[in-house]
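Residue numbers (our numbering), protein chains in the order written: chain A, 1 to 382; chain B, 1 to 516; chain C, 1 to 179.
Watch out, some of these pointers could steer you wrong.
[Claimed, not checked] In silico lysine-lysine, DSS-like type, Cα no more than 30 Å apart, as pairs:
(1) C:K94 x A:K272
(2) C:K98 x A:K381
(3) C:K6 x A:K187
(4) C:K98 x A:K337
(5) C:K77 x A:K272
(6) C:K56 x A:K141
(7) A:K187 x C:K56
(8) C:K77 x A:K379
(9) C:K136 x A:K141
(10) C:K102 x A:K381
(11) A:K141 x C:K77
(12) A:K270 x C:K56
(13) A:K80 x B:K7
(14) A:K379 x C:K98
(15) C:K98 x A:K187
(16) A:K381 x C:K136
(17) A:K119 x A:K272
(18) A:K272 x C:K56
Calculated directly from the structure, the hints in this document are not laboratory data.
Given next are the chains, with one letter for each unit.
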Amino acid sequence: MLNRARSLFCPLLVAVCSTAISMQSSAEEEVERWGLNMTEGVTATSRNIYGLHMDILIWCCVIGVVVFGVMFYSMIMHRKSRGAKADNFHESTTLEIIWTVIPFAILIIMAFPATTTLKEIYDTDEADMDIVITGYQWKWKYEYLGQDVSFFSLLTTPSSEIKNETAKNPNYLLEVDEPLVIPINKKIRFLITANDVIHSWWVPALAVKKDAIPGFMNSSWTRVDVPGIYRGQCAELCGKDHGFMPIVVKAVPQAEYDEWITKRRESAAKLKAMANQTFTFDELYTKGEQVYNTACVACHQPGGVGIPPTFPAIKGSLVATGPIEGHLNMVINGSSKNPAMAAFGEQLSEVDLAAVVTYQRNAFGNNMGDSVQPIDVLKAKQ
Amino acid sequence: MAHGPAKGLTRWLYTTNHKDIGSMYLWFSFAMFLLGGVFALVIRAELFEPGLQIVEPELFNQMTTMHGLIMVFGAVMPAFVGLANWMIPMMIGAPDMALPRMNNWSFWILPFAFAMLTGTLFMDGGAPNFGWTFYAPLSTTYAPPSVTFFIFAVHIMGASSIMGSINIIATIINLRAPGMTYMKMPLFVWTWLITAYLLIAVMPVLAGVVTMMLFDIHFGTSFFDAAGGGDPVLFQHVFWFFGHPEVYIMILPAFGIVSAIIPTFARKPLFGYSSMVYATSSIAFLSFVVWAHHMFTVGMPLAGELAFMYMTMLIAVPTGVKVFNWIATMFRGSMTFETPMLFSVAFVILFSIGGFSGLMLAIAPADFQYHDTYFVVAHFHYVLVPGAIFSITAGVYYWLPKWCGNMYNETMGKTHFWLAFIGLNLTFFPMHFAGLAGMPRRIPDYNMMFADWNMLSSIGAFLFAGAQILFLYNVIATIRSNNKATAEVWENPEGLEWTVPSPAPYHTFSKPPKLS
Amino acid sequence: MDANYKVTVKLTILVVGMFVFAIFILPPLYDVFCDITGLNGKTGKQYKAVSAGIDKSRTVKVQFLATNNETMPWHFKPMMSEIRVHPGEEIEVKFYAKNPTKNDMVGQAVPSVIPFKAAEYFHKTECFCFNNQPLKAGESAELPLRFIVDRDVAKTVNTITLSYTMFDITAAKAVSINN
């Protein structure tokens, strides 16, 4: 019975899919439940891919209905309990040729549009702007080439939601602190690489998925037609937090993009200038706690207890209670022995580095009583 | 000349009898199937709802890795080898395998390898956690210390498969009864002959890639490390050059089993025997030139990407031919639907559904949206679970009366079938939707938009697991029952195995049979 | 006995032959294959320039990217982020690298070219990536790169992006990367 139901399912599926898509809400905050089909997306490429997907799906459904139809007919009509007598035929060259040629012809029909679309996807030439995307364990770095703007993008879902202590927000596991902002209607070329292991940058609405391979540069491109926020995830197993390094792309009109990038350049310059300022202990500690809970907590855990041996505890650690020079060196340059501890010198500003080192030395019961100013960090980086 | 099986535990340690060794392979594979299934249940329990409830991400990655490794290398492959051992000599009228002592060794190194592999769960740093496809550098520079034991286990399993394949080829080529030409062999023998060649061709490649890993990890080489002039993508090419033929290794024997069962229960000869042989050979040949369809997003030059897309689409043709031939076998037959036939019919339908999703995956630009999502997980579970596993189950119900001399309980068999059928579809069909909606693979937690499908999948998984416990019960109850089976067991089945008594004597065809 | 002996000898010779082929003949064959196809964005060995003339009718934009791998703490950047060149023209650019740590270190730069079809037309006559790069504690250096974009590069290629990833190979000692 279920077998028969399934052969009716495919055409039904097609109808339901189209309805589901047209019912898709554009409101950012709603979670679309029971999603059945691929998104049509917001680029010409994504629509081409959606079309190829629907074409091959419909071919498969049609073939399935026909083939399974014959099979079910036979299973009903040619039962022994119905009195059916077994025939004796057991070969037919004609039939073999027919059911080799027809599938072959269907494949040729599918191959043409697939080839055209693939060629378009591969043509990254004549782009309006370049963005270098680097996959890290477990975050993304975005650099706007020629603009002097670069930043990291980390998951911001609170661990209390992950631990089921508080309710999950609609963008659970799909939200970041710094989205990738791009202008609509411009050809954006992505240059994709990785810092450590293989990652993969995927945004379904753009239909861009490209592996990020350490030591090698890959490229892809997109041209977004519709302003909006588009969310994706890492698509290659990259270690413990593979499921926790999402991608958020914010596509905006050109004017808004120009404003944004100017502001970013200015705030980067301001942050550099702040490196010469002096902060109070409390300012450093408070800021440091924020930085810890974004950049350090995934590995070193709340309370600084870590997950030894790979992720050592900061509470009572020899590094955090030892000389400031050694502590700064570890945070800025990473660990030469344990590849899991990255070099945060290029990931955090001098202010943030000074703050987080101050916090680590004084929180979790470490109580060293000392502090680090941004100027110390700047000197340590030279 | 032995007069029957030896006594005591050492019978099993020293046996060179293909029936004993076949039984050991089958029991071993079933134990591994249950173990791999437990790991899957841990995964599905965690994925029942969004949030991290049961395991931490590190352990979750170990579960997904071990589930894959154990199912592929510990359950499916040894089960097919077990069926080969039991049935090939009887089907060709031979007294035993060509190399009986190597046969014993091929089996006994497996429990050692899997004890070591499973033991990694208790080692410092945990079990392998880099996926059963173990891409570098996650599996080299960033791997836990247990990776070395993993490599050693893979070498041992590979040696077992290679030795087994040599044995199977030598047996089929040299020990067929007089009059049994190649084109008179049962299709199960054909599919295993071809599978054995595939194994010999690609297991050394797997050994090569894990050895390169070993050297990168311990001896300072840079096969997969760009710093030393190497390339992580090289790993993927070499692995999948093994990996793709490997998945055909896991399905060709299934084709053979189903080709034995359907004619029996349709009471009609297999349709298009020579076509089936040629189709199987084409599939085997084509399986060598499609590997990079697992790597469409890695950044291959356009020419390569197109070539692999075309070849992958092409392999659907001979596969389709086989499905049509099975249906033509059923057509205008006189069918009954005992348990082996139920599993075989479900195989044809559900494996075809897996084939359809495979064809969709072959379309390279569309694959950019499917790759590394649950759509792929749905695809390969459809071809492996109602594909490989159902064919093995069908074979067990079909041949169990021959092995142990007793008929199984038909109602219990049908119950097992329906529970398994509903369970697996409930588990894996929703995964198509989760994948299309955007859910990546190998993640322990997900956004609420994937929650509904995941909950259904988890429920289905536990139902399917329950069905397997029933299977175990059925097999044991049959072995211990009094319900004697005849030599023929079924109605006019074809094949030499039905000309010997049930249970089959310890030594069969000590003299070659006369073929009609 | 005799027949078995003959088979054994033949098989032994075959096996030895296979090993000889794999160890001594295949590597040079692979090198030739990779050189001809330019697979992997690898731009091949040091290029001996031939004077084939400069194609002044078109320019190609060459972009330079510099990335650090893993925890590599060096300051590493191109001194010029992009340059327009004529195919056939030999150009020199420099990259800046500094070791800001208190330890002597050794780095290795690995190149990668996009698009793939341009890789075989991008010739490096001198490159700091041919050798590993030792820098003492606090030392900095200006690293040269001389290259030619081949005249025959496809007309559809208007931009070539050359990316270097700098690896820390101090622990692995000096490993030469002469391809």
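*For the pair supplied as a hint, C:K94 and A:K272, confirm whether the alpha-carbon distance does not exceed 30 Å.*
Distance of about 26 Å is within 30 Å: holds.
*Compare the distance between the alpha carbons of C:K77 and A:K272 with 30 Å, and conclude whether the hinted pair is satisfied.*
The hint holds at about 19 Å.
_Checking one constraint from the list: CA of C:K98 to CA of A:K337, max 30 Å. Satisfied?_
holds (21 Å)
*Would you mind confirming whether the straight-line C-alpha gap from C:K98 to A:K187 stays at or under 30 Å?*
Violated, at about 35 Å.
*Straight-line Cα separation of C:K6 and A:K187 no greater than 30 Å?*
violated (69 Å)
*Below or equal to 30 Å on CA atoms is what counts here, so check C:K136 against A:K141.*
Satisfied, since the Cα-Cα distance of roughly 29 Å is no more than 30 Å.
*Are the Cα positions of C:K98 and A:K381 separated by 30 Å at most?*
holds (11 Å)
*With a cut-off of 30 Å on the C-alpha distance, tell me whether A:K272 and C:K56 pass.*
Status violated; Cα separation ~43 Å.
*Does the structure keep A:K379 and C:K98 at a Cα separation of 30 Å or less?*
holds (14 Å)
*Does the structure keep C:K102 and A:K381 at a Cα separation of 30 Å or less?*
holds (11 Å)
*30 Å limit on alpha-carbon distance, applied to hinted pair A:K187 and C:K56*: holds (28 Å)
*Given the proposed pairing of A:K119 with A:K272, does the C-alpha separation stay at or below 30 Å?*
This hinted pair is violated, its Cα atoms lying about 44 Å apart.
Comparing the model with each numbered hint stated earlier shows that hints 3, 6, 12, 13, 15, 17, 18 do not hold.
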